[in-house]
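Chemist: First to last, the protein sequences are chains A and B.
All residue numbers for the first sequence refer to my numbering, where the first residue is 304 and numbers rise by one.
All residue numbers for the second sequence refer to my numbering, where the first residue is 4 and numbers rise by one.
Hints are computed from structural coordinates only; laboratory data are not their basis.
Hints are not guaranteed to be accurate.
To be verified - Every beta carbon over 12 Å from chain A, so not counted as near; a handful from chain B, in silico: (1) Asp10; (2) Thr15; (3) Asn106; (4) Val157.
Said to hold, decoys possible - If you want the footprint, here are the derived chain A segments under chain B, 3+ residues with CB under 8 Å: (5) 311-320; (6) 345-359; (7) 479-489; (8) 516-529; (9) 567-579; (10) 631-640; (11) 723-734.
We put the CB at the ideal spot given by N, CA and C, even for glycine.
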Amino acid sequence: MTMRLFVPRDAAARAVGADKVAALLGDEARRQGIEIEIVRTGSRGLFWLEPMVEVETPHGRIAFGPVTPHDVPGLLTGIAVGANHPLCLGRPEEIPFLKRQTRLTFARCGIVDPLSLADWRAHGGGRGLERARSLGAAKTLEEVTKSGLRGRGGAGFPTGIKWKTVADAPADRKYIVCNADEGDSGTFADRMLLEGDPFALIEGMAIAGLAVGATKGYVYIRSEYPDAVRTLERAVRLAEADGLLGAGAGFDMEIRVGAGAYVCGEETAMLESIEGRRGQVRAKPPLPAHKGLFGRPTVINNLISLATVPWILAEGAEAYAAFGMGRSRGTMPIQLAGNVRHGGLFEAAFGVTLGELVDEIGGGTRSGRPVRAVQVGGPLGAYFPRALFDTAFDYEAFAARDGLIGHGGVVVFDDAVDMARQARFAMEFCALESCGKCTPCRIGSTRGVETIDRIIRGEQTTANLELVEDLCQTMKFGSLCALGGFTPYPVMSAIRHFPEDFVRPPVSAAAE
Amino acid sequence: MVSLRWDETEATEIVRRHDGREGPLLPILHDLQAAFGHVPEPAIAFLAQALNITRAEVHGVVSFYHDFRRQPAGRHVLKLCRAEACQSMDSEIFARRVLDRFNLDWGGTTPDGRVTIEPVYCLGLCASAPSAMLDGEPMARLNAASIDEIAREVSR
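Assemble the whole structure, with the sequences as input and the hints as a guide.
Modeler: As structure tokens, then:
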């Protein structure tokens with residue numbers, strides 16, 4: 304009987320040798336005379352175990368990992384004779400990191416062949432769009448509104464209200480734009496979904512098009528994700544050939560690749576970029592929902608929001624809203640990253656605390672040293688000290704503590720971190736990526752770097768800290784978009800929660 | 004095949020491929036860079052003419068985006084991630100060692116044109132830091148041994 308093996312093709316698995324492992328498995332099987340079939344899936348998102356190889360058995364899949372090329376010959380023999388192998392992890396669903404999750408958006412990721420429509424359908428793909436078609440536009444919109452889904456890019460704006468605004472705007476043409484410009488450090492959910500279950504996004508965009516009366520969708524993917532771009536391009540072609548997209552379906556999709564500008568993740572800068580201009584932020588109003596891409600009413604949603612819509616339609620708004628806490632309904636794909644022992648994608652209902660995430664699920668630092676700071680929400684997110692580890696993962700709970708959940712990235716730092724350097728980096732990154740349109744961001748970030756440099760050199764610490772705080776106020780309230788407006792979050796949280804790192808001896812006195 | 008010399012016939016063909024596309028400038032620039040290894044100076048006036056926009060507009064777009072090169076890069080391009088998740092795993096120390104190994108600074112190309120080393124802010128490999136991309140291929144969990152591996156790859 305043919306042995307069926309699953310090896311991820313996710314970029315993070317390829318980055319640690321998954322292609323080599325897959326090739327060697329093929330070679331070794333031929334050498335040992337074992338008949339095998341290798342299916343390249345997305346990743347389950349347990350990145351410390353990658354490359355993670357799974358084998359199909361009558362009792363479900365069994366996982367092995369992390370598999371190095373060196374392990375391949377023994378692994379194949381071991382699997383063939385059913386021996387207990389040292390790399391055996393048992394059933395993947397039983398691995399605590401995966402067992403504690405609620406996978407709705409990522410239900411198929413790591414399980415199916417991302418480019419097999421048959422696999423996608425066999426695992427529930429297409430049911431959401433089917434139900435949306437039978438409900439019609441108005442009822443579909445109502446389902447999304449009732450589900451309580453909020454923008455997963457970070458702003459948390461209710462998706463249903465955004466869709467309703469576009470649905471109600473009269474126009475000859477309307478657009479759906481998917482924001483897959485996942486530039487935040489510590490995040491990889493969009494990338495994983497694009498590489499592991501691209502049809503989920505295609506289905507979500509088709510449902511959005513149906514609900515608001517749009518016939519064309521754009522997906523803006525950053526150029527730093529070449530694997531994701533390739534996978535989605537192939538998926539779109541397969542969907543067109545299948546009739547899921549195209550004239551018959553009444554909805555077309557086009558992929559646009561970014562060009563290395565972080566600010567294009569801001570929705571209006573993204574529209575400028577798609578239209579072929581510098582990625583400069585537009586002043587609002589008009590809202591993109593009224594006057595967006597090419598001047599037409601446009602839904603701009605984060606990839607995760609759109610890819611969650613099929614589940615909501617298939618299972619019902621109530622089923623989705625049953626998860627979560629407060630006004631944060633459903634699940635959030637949280638991404639544990641940086642100096643963390645068990646890094647990866649953790650999709651869970653809102654409400655899990657930061658401490659549970661970092662200490663229990665993440666298992667502390669990879670370096671083995673104490674956790675000192677955690678940055679949540681990307682380069683524009685606040686740094687949290689251990690004292691705030693009781694903060695629940697929820698839009699409002701993070702806002703109440705001067706932070707944000709953003710796109711769900713959690714970057715762990717051990718006690719070797721220098722928080723003054725991290726604050727400086729936040730300003731430096733803002734200066735590097737500022738689109739230049741508004742003064743607080745363009746000039747403020749550079750002045751911020753200079754002032755923090757003085758603090759690091761121990762020059763007039765108190766006066767310069769006051770200056771930084773004042774500058775942060777100006778940036779927060781005077782910037783056009785979140786780049787300049789949110790850079791104060793990492794800077795001020797570092798100063799507030801780690802003041803000891805900002806009190807330094809003057810450089811002349813230090814023995815340099 | 005990348006030819007670094009400007010070829011207007013080829014450029015015309017690239018622009019033609021995007022006929023009918025709304026807002027075609029970025030896709031065209033990506034294709035031009037893929038064909039010529041950079042966006043050559045004559046491309047600015049050529050695109051302004053072809054798309055009926057000003058040269059200033061084309062120049063503005065080319066200079067705005069980090070990806071578009073005005074000069075060809077080395078035969079290999081190594082992008083080292085410098086964002087926060089990689090920083091937490093000492094990516095700055097790793098990057099310094101790599102740069103020193105090739106005697107380069109950020110953005111530099113070795114005198115023999117073998118490799119260009121550039122910073123990148125996040126590759127989405129944040130749970131396997133530090134990470135890099137060599138000629139579009141992802142690399143992660145980098146350590147001292149990775150530097151030798153990189154050196155071997157770029158000497159091909």
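Chemist: Taking the minimum C-beta separation from Asn106(B) to chain A, is that value above 12 Å?
Modeler: Given that every Cβ of chain A is farther than 12 Å from that of Asn106(B), nearest at about 24 Å, it holds.
Chemist: Has the segment 311-320 of chain A got at least three residues whose CB is nearer than 8 Å to a CB belonging to chain B?
Modeler: holds (count 5)
Chemist: So is the segment 345-359 of chain A in contact with chain B by the C-beta rule, three or more residues under 8 Å, or is the coverage claim wrong?
Modeler: holds (count 3)
Chemist: Does Asp10(B) sit more than 12 Å from chain A, CB to CB?
Modeler: Asp10(B) clear of chain A: closest Cβ-Cβ about 22 Å, beyond 12 Å.
Chemist: How about the segment 479-489 of chain A: do at least three of its residues have a C-beta closer than 8 Å to a C-beta of chain B?
Modeler: holds (count 5)
Chemist: Report holds or violated for chain B covering the segment 516-529 of chain A, Cβ cut-off 8 Å, minimum 3 residues.
Modeler: Held - the segment 516-529 of chain A has 4 residues with a Cβ nearer than 8 Å to chain B, which meets the minimum of three.
Chemist: A cut-off of 12 Å on Cβ-Cβ distance, and Val157(B) was said to be off the interface with chain A. Does that hold?
Modeler: holds, 17 Å
Chemist: Per the coverage rule (Cβ-Cβ under 8 Å, at least three residues), is the segment 631-640 of chain A covered by chain B?
Modeler: holds (count 3)
Chemist: Minimum Cβ separation between Thr15(B) and chain A greater than 12 Å?
Modeler: holds, 18 Å
Chemist: At least three residues with a C-beta closer than 8 Å to a C-beta of chain B: is that true for the segment 567-579 of chain A?
Modeler: holds (count 4)
Chemist: Can you confirm whether chain B covers the segment 723-734 of chain A, using C-beta to C-beta distances below 8 Å and requiring at least three such residues?
Modeler: holds (count 3)
Hint compliance for this structure: no hint is broken.
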